[in-house]
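Visitor: Just so you know, the sequences run in chain order R and D. At position 359 of the first sequence (counting the first as 1) the number is 504 in our numbering, and the numbers step up by one without a gap. At position 47 of the second sequence (counting the first as 1) the number is 286 in our numbering, and the numbers step up by one without a gap.
Keep in mind the hints are simulated off the structure, nothing from the lab. Each residue gets a CB set at the ideal place from its N, CA and C atoms; glycine is no exception. Be careful, since some hints might not be right.
Distance windows between CB atoms, simulated [what the hints assert, rightly or not]: (1) D/Pro377 - R/Leu457: 39 to 45 Å; (2) R/Ile633 - D/Pro377: 50 to 56 Å; (3) R/Leu626 - D/Ser485: 44 to 50 Å; (4) D/Lys510 - R/Leu637: 52 to 58 Å; (5) D/Arg303 - R/Leu637: 27 to 33 Å; (6) D/Trp280 - R/Lys703: 23 to 29 Å; (7) D/Ile332 - R/Lys652: 47 to 53 Å; (8) R/Ile647 - D/Leu555: 20 to 26 Å; (9) R/Leu637 - D/Gly570: 25 to 31 Å; (10) R/Pro675 - D/Asp310: 42 to 48 Å; (11) D/Thr360 - R/Ala447: 48 to 54 Å; (12) R/Thr470 - D/Gly570: 22 to 28 Å.
Take a look at the letters that make up each chain.
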Amino acid sequence: MAAIDQPLPARPATIREEFSWSAGLYKWVATVDHKLLGLMYIVSALVFLVIAGIMAAVMRLQLAFPNGHIVAPDTYNRLFTMHGTTMVFFLGMPMVAGFSNYLIPLMIGARDMAFPRLNAFGFWMFLFGGILLYFSYIGGSGLTGAGSAPDVGWFAYAPLTEKPFSPGASTDYWILGIFTAGIGTIASAINVIATAISMRCPGMTLARMPVFVWVMVIDAWLILIAVPPLTAAQIMLAYDRFLGADFFNTQAGGSAVLWQHFFWIFGHPEVYILIFPAFAILSEVIPVFSRKPLFGRPAMVAAVIGIGFISLGVWAHHMFAVGMTAWSNTFFAASSMLVGIPTGIKIFNWTATMFGGKLRMDTPMLYCCAFLLQFLVAGLTGIMLAVSPFDWQLHDSYFVVAHFHFTLIGGAVFGIMAGLYYWFPKVSGRMYNERLAKWSFWSFVIGFNLTFIPLHFAGMLGMPRRIYTYPVGRGWEGYNLAASIGVIFQILAVGMFAWNVIYSCVKGKKAGDDPWDGWTLEWSTSSPPPEYNFEKVPVVRSGRPLWDLKHPQDPDWKFGQ
Amino acid sequence: MASSGLLAFFQVQVPGAAEHRVTDIFKPLATPAAAERDVAWFTIAVTTLIFIVVAGLIVYTIVRFRRRPGDDLHQEPPQVYGSNQIELAWTVIPILIVFVLIGVTARVVWSVENASPPPSTLHLKVIGHQWWWEVQYPDYGITTANEIHVPFSADGKEATYLELSSADVAHSFWVPQLSGKTDLIPNRLNYMWIDPRQGGVYVGNCAEYCGTQHANMLLRVVAEDRSAFQAWAQGQQKALASSDVSAGRAAFESLSCINCHVIKGTKAIGKFGPDLSHLASRSTLAAGMITNTPENLKKWINDPQEVKPGCLMPSLKLGGPELDQLVSYLGSLK
């Protein structure tokens, strides 16, 4: 079996085509290429990020001072509903699909995903789902004129979502938008699993498959298990609203708690679905920037599988205040704390990967380092919330808001930023501006921590979530003002990031095929990769094929890796 | 008073003297909240220790092994793939910590959830409504709203048990200094208990999103000593001067107020809104949003949507004299 042991032959010069708008549009709309679809996922996710970010900024403006009245109560409730829904389903989920799509074929030496058309179908379902959700701002009033966008919270607790309490069509748009996007997500998950199982290049056993691919495959399994319960519950809710099925309609004997179980059986694995891309990215970026292989690779994969399994049995920790029995409250406290063990292994192994290495502190690595510290905080506040009697106090307070923004921004988004900077030269063929990227990074770190550290304390002083205003004199003022000031830095950071991406795509200096001295197969093809990815199907002999190529005297396969 | 913390825990205070507005969960003034505070401090101590160790390790690694100017860029560090012993160590230690935490958690869960009632117990029913609290005292035949009067006892020999339910959507009962929260869910009965150790007014909120005015669904627990509580209860039990047919009462009975509100001894028997029989004895209006003064009451009746946008009480668009009569009538319902 030949490893990649010789330089690749020169590539044919690409033929320059005449630019035309219609041809350009046709190319993007009709494409089944995994790279274009991956980019479309990521770019739409970033657009949704900006929209939902603006919503967050308006909310923080409202809460900067007590008795704020910049927006009306209904408007505020719509803002937090749309913010949460968008960030979870239209930022987090497309990032999972986008990174999987773009990178998995490149990393396993394949020319495309297993089902390219299903791939395109998944993307368009996701995008239409998002558009449907946002169309509610126009169409949500229905015939009753009962308000625009949904205002039931992203968790849409029954019976607030039933017709008597949510007239008009806004809740229906919430159901349909998420339902549609959910079908796209399931399609994409099936594709990821099939691709990783059947499309790996010769020599790439599962043990040699990049950890990124491993994590995204486990993520896809988790999607397949977790999303259908939500889809089912949404259909039941739609039956309630249109056909009088009364599953969750308490006035007709339905159960409000049943919805909560359905929602969190989806909702808790969902937060791991959102964090896994960050785990996947860190497992690639930290080794390359430390110049060492991932420490304890089998344990790292096992830890992700462990987290996936345990995450299916922790959902009712969102329901400690529902009035469950002492046995249930203890069971779900215990299962939730168990998640800390595999998560701890991950943090320790990443740190051990860095230990003894030569850390290159470029922007992707900076984001990884910030991730480690911030996700550590998130994990530890998670342990506090898992202690169910402590949660009786903290539940639905701003402490929870601070906690999950630490996981989802300090964790997931920071991980995704690391990935975006790391693969930017591969995708665009150009280097981003390192100086601007560092400014953006520090602004983000300062802004994020300034916003979310104080909110822990507001929660411990009894500030509940989802309130559009609050009175003077309850000790919440200082924390809220600090949080709102932090938003300014975060906006600056995102602005600098956006400018950096746009400017560097056009004016950045050429990156070359392998700017980071990487080890996985995507760095062996050109930047940006050609439509067919690899001219010659690569053959690998270890988990780090490019390391083997670059260090012929000291290849990984000699050590059974 | 709330700030004196532990020392104040067993001190008897003058009833009704203090309003505990800063609802710090670390300054509990009742048994459930104190148990939750203790387990909270324990958890915080454990997690802080973990944070110091792990964050220290991460920061040390970053500082010690970051690339410095002048490093040989072509010299790769030793390639270490892993170590079973080390990985086993950082798997086993967290497992031990988790087991300790589970044990402590279970103990507190049982002590709060399955506590047996003390000899003297008051039973209340609290019913959540969009966006106010109905409070029933079945043993006294009293129905009131938003301000829950209970006796306090410095020695914990007296407690109040709450049966929680909801008339519409899910709500949550949270008075941080007395106890953690328990949801009020339609079609379901939940229970919780509180035993305030000091007199005073304990402020709380609805903690489950319940629609437009969730933010202004405030809660007050008024803890008084036994005699003051009994006096209050007797006052509430009286049906007020049913023979006194003032102009205000006539106006009230002639308007649609009676469809949603109760005033004992009158035609008003509506159950949708708060019971107004003793409205003037409450210190706040609109579920704790504004203080109960004649001016505020007038503003509220004139246009509730102005005060609390989206609330379920409509503006009746009353003229001047009728409005004033109503305000003075309601103001007389001590």
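Visitor: For every hint, state whether the structure bears it out.
Guide: These are the hints, each one checked on the structure:
As the Cβ distance of D/Pro377 to R/Leu457 is approximately 43 Å, the hint placing it in 39 to 45 Å holds. Roughly 54 Å separates the CB atoms of R/Ile633 and D/Pro377, a value that falls within the hinted 50 to 56 Å. R/Leu626 and D/Ser485 have their C-beta atoms about 49 Å apart, which keeps the hinted 44 to 50 Å range intact. At about 54 Å, the beta-carbon gap between D/Lys510 and R/Leu637 stays in the expected band of 52 to 58 Å.
The hinted window of 27 to 33 Å between D/Arg303 and R/Leu637 holds, with their beta carbons roughly 31 Å apart. Separated by about 53 Å at the C-beta atoms, D/Trp280 and R/Lys703 break the suggested range of 23 to 29 Å. About 51 Å separates the C-beta atoms of D/Ile332 and R/Lys652, a value consistent with the hinted range of 47 to 53 Å. Restraint check, R/Ile647 to D/Leu555: a C-beta distance of roughly 57 Å breaks the suggested window 20 to 26 Å.
Look at R/Leu637 against D/Gly570: about 54 Å separates their beta carbons, and that is not inside 25 to 31 Å. Between R/Pro675 and D/Asp310 the beta carbons are some 35 Å apart, a value that contradicts the proposed interval 42 to 48 Å. D/Thr360 and R/Ala447 have their C-beta atoms about 52 Å apart, which keeps the hinted 48 to 54 Å range intact. Between R/Thr470 and D/Gly570 the beta carbons are some 47 Å apart, a value that contradicts the proposed interval 22 to 28 Å.
The structure shown violates the earlier hints numbered 6, 8, 9, 10 and 12.
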